Each structure stands twice: as C-alpha cells, then as structure tokens.
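Colleague: Here the protein sequences come in this chain order: D and B. Letter by letter, the first sequence follows residues 106 to 349 of this note's numbering. Letter by letter, the second sequence follows residues 1096 to 1554 of this note's numbering.
The reader is advised that the hints may include incorrect statements.
Computed list of lysine-lysine pairs in BS3-like fashion (alpha-carbon distance at most 27 Å, straight line) [said to hold, decoys possible]:
no., chain 1, residue 1, chain 2, residue 2
1, D, K137, B, K1549
2, D, K331, B, K1110
3, B, K1130, B, K1255
4, B, K1130, D, K259
5, D, K205, B, K1473
6, B, K1110, D, K334
7, B, K1255, D, K334
8, D, K196, B, K1473
Rather than coming from a laboratory, the hints here were simulated on the basis of the structure. Bear in mind that the values here come from a model prediction, so they are computed numbers and not experimental data.
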Amino acid sequence: MTVGLFIPCYVNMFYPEAAIATLSLLEKLGVKVAYPLQQTCCGQPLANSGFEKLTAGCDELFIKNFSSFDYIVCPSGSCALHIKDHLHSEKNKTLASEIKTKVFELVEFITDVLKVEKLYARFPHKVGLHQSCHGLRGLYLAQMSELQAPQFSKPEYLLNMVEGLELIPLERKDECCGFGGTFCVTEEAVSVKMGKDRVADHIKNDAEYITSADLSCLMHMEGILKRNKSDVRVIHIAEILNAQ
Amino acid sequence: MATREPGDHAAFAEKFNRDEARVNWHDETLWTVRKRRDLRAGQLPEWEALRSKASMIKDHTLSNLHDYWVQFEKNAIANGARVHWAADATEHNIIVHDILKTNGVAKMVKSKSMLTEECHLNEYLQDNGIDVVDSDLGERILQLADERPTHIVMPSIHIKKEEIGELFHQHLGTPKGMSDPQFLTETARHHLRDVFLTRSAALTGVNFAIAETGEFVVCTNEGNADMGAHLADVHIASVGIEKIIPQRKHLGVFLRLLARSATGQFITTYSSHFSVPRKGKEIHIVIVDNGRSRQLAREDFRNALKCIKCGACMNTCPVYRRSGGYSYNYTISGPIGSILAPNLDMADHKDLPFASTLCGSCTNVCPVKIDIHQQLYKWRQVIVAEGHAENKKKLAMKAMSGILSSPSLFKMAAKGFSWVSGILPVAVKNKFNAWYHQREMPEVKKETFTAWYKRNHKE
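Only chain B is shown next, with the shape it has when bound in the complex (with noise of 0.2 Å):
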C-alpha cells in the first residue's frame, strides 16, 4: 500500500481537477451529503444547544482525561476487560500483535478505526504473517483496490460504483460490466459472512469510551463491527484518548450529533455496547496517544481533540470536495486533517494549513464547535515562525511588509504595482502567472481613487 508520496496538496489538487467531470462528480456527491446533514439538523429545534453542549463536556473531559481514563481502566477491568496503554503507533502495532501470538491468531477481522489506518496497523500485521480482512463494506473495496481512506466516514467515496464493479468482478468473481450496487453490496456480504466465520480475533474502532462505566460504544451502520466482535474469541478494541466521556448519558447528546453530522441519519444503524467479555471469551482495549497529549499542550490546538470523527467539515469544505481525499497526503483529510497533521510531523505536512480559502463553513457545522478555520489560521503562524516557509516566500512578504507599513513606499510601489505581486501577480501576462493561467486581469484604471480624492477634495 502505498505510503506518502511526493508532492503538496496544490499539485495534487491540479492533478485531481484534470479531470473536470470527475471533480464534479465529487463535488456533487459529497455537497448531497451537506445537504442531508443539513436538512436532519434543521428538523431539531435544539441543535445549536446540543452543539453547544457536546463542546462543553468535551472541553471539560479534555481538562481532566487523566481522572477519567483512570476511572476507565478501573471500571473495565472490574468488567473482566484487559486494559492497554501504547503510548505511539509502534506500541500500538506491537500490543495487537502480542495479544494475537498469545492466542495462535493468524487471521483477523477488523471494522472500521481510523486510528488503525493511522498507526498503518494492517501493514504491520501483514508484515509479521497475519492475515487482517477489513469488514467495513468501503474498507474492504479498499483493500481490494489497494488504495487508502479518502474520507473519515466514507473511506472509499472517491471510487464509482462501475469501478467497484471492476474490482469486485476481478476479486470475487462478479460478472463483467456489473455495477448494480444492491448486487455488489449483496457479493460482499456473503464473501464476508465467510470471513466472519473464520476469524478468532475482531479488532474494532471506538466511538465513544465511558469512563463512569468502563464500557465502549461502536457505531456503525452494516453490523459488521458486532458480527465480528460477536464471532470472534478474541475482540481487541484500539481507542484514541480523546474518545472518552465522562458519562453514559452524555450519549444522548453525541449519538444524535453524530450521525446526523455524518450522513444526515437520524443515528447510525448500530451503536454497540461492549463492556463484560462472555464466558471464555476476551476483550482487549489498546488506548492509544501516538501524539494526542503532545496536541493536548499546544493551548491554541488542544481542542482539535473534540473531534467525534463525523467528516462533517469534509463534506462541507469546498477545497476537499474540488481536490480529493488523497490531496492532503494523510490518514485523516479535509480540514480537520489539516489542523492534526501538523501536529505530528510539521515539516512533513507544513502545506496542509494553507490548503483552505479560511471561509469558516468547517467551523460552523462541527457538532462539537472546533475552531477549525482559526485553527488553521494559527498553523500557518506556527509554520513560518518554526522556519517551515520557503525563503522566497520569506523575502517577498519582508518586501511587502516594509512597503505597506510606509506611504510613501506604498505610493512608489503602486505605480508599478510591484508589492502585488506576492500575492498578485498582474504585471506578467505568461504561462508563469498562475492568476492569468484561467483567469483575466483585474483592468488597471486610470487614476486610483486617492488620485480621484484629491482632485475632488481640495483640503
């Protein structure tokens, strides 16, 4: 599978927009799924209290997740759960892979984590002889198609129907030119059913853990993470420490932003309990940093770590809807992505932050109320002052900014309109000058308005 390539988002965005019909296909596909959300919200009178709410108990977990994974832990282990703590993707890798040696598994299944996608879990297995079958129908065409997530909650949105089709046709054995979507959701679950059949060990996403109970919810919509679980001796289940809450009630606030958020469902289809492991049977919960607390002490961030994984901000984000999931070169994309990646390696995704008009709609629709947009403001400022801008750049805004902090610098400079071309370049009609590329030149007219003024306004 592949792993980062070379490249930043604006030259993948130009690849994705080559092909124009498909950029629109995009677009339209994922502006449906806005609409729905946004049709779902409206029909809840509370919907801005409940977001406002859903905000507040995450900004009071975050400010005491120590007490609460505490409480966790001794809540789940009292269940009869075995509790891990892996501090990075390496432990995390290394925890699941101990669990299934100890138990002779070669063979696993696993429903939908991004938080496994983000510590390149099946890689791993796969490199240490285990066998890991993705359930979740869009994973698994992934899988097959050998491809990654482009989305958090549609993870294969940017692939058609008639290319399913194609690769179910060359995986499982589906008739040529077949892309009727009931007829291929209906192969792959039957190829499933086989695999849920043979597999001793499911690991699982979490949705949200409860700390006031040692439980974890699941939310999925095609089963596939309880039909695993349920069959399974072994049900490993791997958390990011921002998943916790403090409370089963507060469920009832999260349950009814999620999936609305996400798909504009009323709720998802299954939101599975898992607390006490049946008779023989165990359950292993891996809560994994791998960065989090490191994003939980950088103040102007922190809250980035509300985020309930509903793709929201994807859906609603004109840039990610006209450049694709793969255009931001990480696990999780679209704004959201853009405000985590940093975090983690800033040198590596220092484009990220910049990939965004600012045009606040991430913000507005998060069900949890991150500042996203501000967010991603603030990268940029921490991007240049830890020396991640290009010297170019550097220079040119140190031209700029002499020239604007002085009139009679500015007035100079406007005549030629040299301090534009920073941003604007309108001196040059080339092929170099990426505003003429497509678009025509603002006229330059005859005298600016100061010129006007003072000819109008004798003082």
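Chain D on its own, in the form it takes in the complex (with noise of 0.2 Å):
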C-alpha cells in the first residue's frame, strides 16, 4: 500500500512542521508515503466563492498527481472534503471518481483504514479540541451535537491513547470557528467575533493547547490569541499524535 500525502497549499507555506508530523507518523505506523511535489491546491477557495467553473485546471493537476495511488491522504478535513465533494472531471471521469473514495481525511484514515489500537505519544498538556465543521459534519469525524444518534469521535480516541494529555471539555463543542475561506475576509466582523468567542470557551476552560485537524481553523483563532496576547497555542492533531 503506497499513500500519496496531499498537504494543503497553506499548511505547506505556514505550518510545514504539521505536515513533517503527518509524515512522521504515518511512516510510523508502518505505512509507506510518498510526495507528489507537483500538487498546489484542492481549489476549494475557489469553489466555495462561486467559482467552482474555475477549478477544472486544478482538479486535472490533481487527479494526475494522486491518482495512482491506493489512499490520499491529507492533514486537512476541509481540503479532504473539498475533493471528496467536489472533484470533477470531464476527460477522466472514472479517475475522479476512484480517487473520491480514496481520499481521507488523516484522522480518520488512522482509526478507520489501518485501524490503529495503540499510539506511543506523550503529550502532557491539557488540549481542547476543535472539530472542524468539514471534518465533523461533512466527513463524520465525530457526532455533531445536532443530531439524535449514538455518541462517537474519531479525534478524541486517538488523542485518549496519548500519554499524559488531558481533554478539556467545552461549554460549545463543536460551534464553527469562524474561518469559513474567504468568509473570513468578506465577512471579517462576524468571523473574528466567532473566533474571539470560540477562542474563550477553550481558554475558559483552561486549555493548554487547542487542536484540530484542521490548520485553516487553527491558523484564524492564532491570529486572535496572539493579537489578545495569549498563552494558549494552537497545534495541529498530527504534531501531538507524533510527539514523543
């Protein structure tokens, strides 16, 4: 089994440590990866702006890039989504298609394809955790508190196999952060203001640490921690399932 890692173009830039973890552990856990460094971006800034008829030239790089390979994988619900929902194309219909159901998200793809029971990581913080409403609602992550149905969290159980690390609960546990894509710009009073109060149930409930497996989400409620001048730090779920 060969895993083609697709890094989101902004992790790639600002949070390449998170994508070194990535890699890390899946090399870890046994799986062998490799890179394809011809990729840039899923197009989902584009897609979720009206432009979803811009995104062919993105989505043929991608399907070339990643399309023989048996999984994707990507440090990103949101971006993992995006192609999961949204990957389209004319000319290899059938490749698209395949690679649709090839993709996961990597949390997922720890408990749900290789099915992980155990993890050697030691992380003794206490850590909130963010869900992100892609990895949640759209990816089915975890339970999201609207609906009537039995309780589960993919993040969570794999954060629970880390030495030392202590969940926090959350008076709002999976309200949206605010980030949105380019909703965090056109919309700049509403997403800061969803952020600062998204931000204060995590510090609220003295978090050390707020994770996600998310960076898009994490990288909008940094923005506001370091402007309050805050202690609290974000870290992607890759780094702390990794840290030894």
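With the hints in hand, could you dock these two chains into one complex?
Modeller: In structure tokens:
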C-alpha cells in the first residue's frame, strides 16, 4: 500500500511542521508514503467563492498527481472533503470518482483504514479539541451535537491514547470558529467574533493547547490568540499524535 | 416602515458587532433556544426517524403539489370556505383588500403570518385606509416600534425587555422604567382584548393545509389567532403553496417536530383546526404562489419549499446569532432566508448565500432535512454564473485559477505569497487588510514542507 500525501497549500507554507509530523506519524505506523511534488491546491477557495467552474485545471492536476496511489491522505478535513464532494473531470471521469473514494483525512485514515489501537505518544498538557465543521459534519469524524444519535469521536479516540494528555471539556463542543475560507475576510466582523467566542471557551476551560484536524481553523484562532497576547497555543493533531 | 436599506450582509453585520455586549446577549438568547431544542429532540428516540418521515412526506407532496391543492380546494369549498388563488404578493393584497371592502371592514386584526410580511400586506392595507393591528405579542411590539421581524418564530427577539418597557410606556401608558415581563404581557393582553372585541375581520397565517379534508391548522402559543378568528365575522387565512400536507394523520409527524425544533416545547400551546365557517360567518382561504413555483422548478433548490418555518436553522446559525436578523435585509432571515431570497431577486440578495461559513449546522437541525448549506454553496455558483460577482473578484479568481492549475506558476507565486491575496492578504500589515485588522498574520516559515521534503527525501 502506498499513500499519496496531500498537503494543503497554506500548510505547506505556514505550517510545514504539521506536514512533517503527518509524514513521520504515517511512516511510524508502517505506511509507505510519497509526496507528489507538483501539487498546488485543491481549489476549494475558488469553489466556495462561487467559481467552481474555474477549478477544472486544479482538478486535472490533482488527478494527475494522485490517481496512482492506493490512498490519498490529507491532514485537513476541509481539503479532503472538498475533493470528496467536488472533484470533477470530464476527461477522466473514472479516475475522479475513484479518487473520491480513496481520499482520507489523516485521523479517519488512522482509525478506519489502519485501525490503530495503540499509539506511542506523550503530550502532558491540557488540550481543547476544536472540531472543524467540514471534518465533523462533512466527513463525520465525530457525532455532531445536532443529531440525536450514538456518540463517537475519532479524534478523541486517538487523543485518549496519548500519554499525559488531558482533554478539557467545552461549553459548545462543536460550534464553528468562523474561519469559513474567504468568509474570514469578506465577513471580517462576524468571523472574528466567532473566533473570539470559540477561543474564549477553550481559555475558560483551562486549555494550554487548542488542537484540530484542520489548520485553517487553527490559523484563524491563532491570529486571534496572538493579537490578544494569550499564552494558549494551537497545534495540529498530527503533532500531538507524533509527540514523544 | 423601513423597506430595503442599502448595504450588504457584511456591512450590516459589522454595524451590529460594534456593540459586542449586545451581540453576546443576542447569541446567548438564541443559543439557549437551540439547547432547549436539543433537549426535547433528545427525549424522543424516534427523532431522526421523524425527520426522515417529515422530509419524505414533503418531498412527495412537492412532487404532487397541483393535485393536492385541487383536492384541497374541492374539500374546502364543500366545507363552506371560499378559496382564492394569488399568483404574487400584489394579487394577494388586492384579494384581501377586496374581501374587506365587500364586507365593509375598516379595521382588521392579524395573527402571525410571515407570508403577509413577505407580501407587505400591512403597508398595502394602511395605504388603502384599513387599520391593521397585529395580535401576536412579538409582532405587536414591532408595530409599536415601527420595525420589521428579525426572526420568523420570535419576531422581536432582538429587543430587550427594558426597551419593550419603554415602548409600552410611550404607547400603552405603563409606568416609566417598568420592564417586568409579567406586567408588560398583562398590559398587552388587556390592550389586545379590546382590539379582538372591536374587529370584525381577522387574518391568520396557516401552518398546515390538509388536502384530504380542506381544513387548515394554525399553531400559536398565545391563542391570539383563535381569539381573532372566533370573534370576527370574516376570517381570512393566507397560505403559501408549500404549506400543504396530504392527510390529517401527517400532522402527527409535523406537530411533534415543529414546536420541539422551534422553541423546545413539546407542542405549540394552540394547534387549531379550521374547516367549516360558523353560521353567518365567512372563511376565506388565499393560496399564494409569489415565486414558489419558480423555486419548485429549480431542481437544486426546490426542496427549500419543504420548510415548516420553525426557525431552528436561525437559532443554531453561528453567523445569524452574531449578525442579527436585520443584517439579512429580507423578510426571512438566517440560513433559510438566504436560500429563499435569491429565488425572488438574485441581484438584490446576491450577498446572502455568502453570509455563511458553510458549517452545516442548519442542515442537521432542520426537521424536514433541507440541505441548506449545500444550497448555499450552489446559490454561490448560480450567482457567479449569472454575472452577479464583482469584476475585481472575477479577475482575482481567474488569476488564482491559473496559478493553482500550474505547478511552476504556483512555485513562483508561493515565494511572494501573492496567490493568496484573493483570500488571505498576508503580505501587508495595514488597516486595509481585513485579516490583520483583528488577527495576527500566520508566521511565514523559513522553509516550506516541499523544500524540507526535497532536502530529506532524495528520489
């Protein structure tokens, strides 16, 4: 089994340490990983802005980069969901639909494909888990609070394997942080207010770190934390699961 | 009363956010309602099954709308009601006015009806010399304040009790500074009692029209619809064509979902059935299209017509809670308003599908399973395709598309970070940068992951 590592464009630039942790974690779990060097971006910023029609080039490139792998793993629920929901190709219809079934967000790949039951990681800190909406309500990484259905949480399942880690409770366990892609600048006032409220919930409950399977949410919350000179830090879940 | 104001959702939302304490209050108030909904929904093991059933009944009904309304009309006429068909808001208003004129009515009492808000009936009737008093407490407060509803179930949820006290002091003579809810409600009750006794015509909305029996059901908590309708000689019921259900037994599904979703009650205090007019009295049913059949013809958006107007999507929406109902600048605010409004006037409401993070909470609280956030996404595509995007944005998106499709251009652009400028202006730290205004920039790292990988993985 060879996994194609799909690293979101902004992670590549701003959070390379999360990408390194993802790669290292997968390798530690015995997976053969390759990183296609020609990757750019999944095209979600275009599509969510209403320009889905302009994503054809991105889609073809994605297919070219990733169609040969058994699985495609991405440390972002949002980017993985975009590929799952919206990858489209007139030229390569079969390849496109195959990719949609092969793309996994990192956490669900570890729990559902690798079916890992033990992790050797240590992170002796109080951690608040931020559920990204696309991971939660799009990929069902955990049970959402809206539905009256059995509880489960794939990220919590993994975080609970980490030695010394204490998950803190939240008052609103799955409210959106307000990043929302271009929403974060086009609707700046509401976006920031949502982010402030989310961050406040973690701070009130004594988090040292806020973690998530999506760095876009964390980037937004980090911007707010830093502006307010908070000591609370953000960290991608891969870095915790890979921590020694 | 104010009509559409200039400005888009982001601008109104920014204004609303200047008073953060008020935003907190608004958010908490509506979140409390969402929590009550969760509690009630959680008490029914069959909750998700009920949602599925309701969704299926509505899907079926929307596919057979014509037949069910013809059946309804036949049965309603047999009951002794009079049935009118209105293609749009203007026709609806003319029909209502004609009924009032024919009966020599100059004063009418009206219970809550979002449809008449949508048709701007109050303004129309007032311009034609008819006095209309809203009997729903929330709507009456708005009438006194000369404001529009900000929520479809709790129309004056944006007004604090102290502000209501001041309004009542000015209009109903309560003592200055009095804001005790019990006292204010009692005052409104006495004031409205007089209204009910002196009005010979009453207009109500309709929650469910039942094809099988030709009857309609009106749900309220205050009993104001009943009080108006029973005391008046003429009862006019305005109903949108999406409000029909095939059979009476289906109420068993919808009534259980409606109040639990809306306010976290088990059921509305009053769920009243109207069918046969009493001797010497009249019931008129005005069936209104006003753009609904156009929405029905839009395949991607038709199931928005399943809506039973519970408002759960508003209460859960993290954007609505922090931007307020007025920021949507449309009769129906929140997520459901954002997928209904563009159907009526796309240019006028092109901002609304973008007033969302696409978090998907709305879709999952919806008791009839409308795919609200998917429709928001699809409306964005339609709005752009039909040429309603700004030129500046179009150019930025085209440039981004070119860069993201080409690994070599992407590598060049990544160095200057210019490709992100369309979504995330990271290069400039100034007041024109909407990211930097209240957030620090993400730190630019010395080495990208790609560079690190090349260094460490020689192929």
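Colleague: Now tell me if each hint is right for this structure.
Modeller: How the hints compare with the structure:
no.: 1; hint: D:K137 - B:K1549; verdict: 17 Å, holds
no.: 2; hint: D:K331 - B:K1110; verdict: 25 Å, holds
no.: 3; hint: B:K1130 - B:K1255; verdict: 20 Å, holds
no.: 4; hint: B:K1130 - D:K259; verdict: 24 Å, holds
no.: 5; hint: D:K205 - B:K1473; verdict: 20 Å, holds
no.: 6; hint: B:K1110 - D:K334; verdict: 26 Å, holds
no.: 7; hint: B:K1255 - D:K334; verdict: 34 Å, violated
no.: 8; hint: D:K196 - B:K1473; verdict: 23 Å, holds
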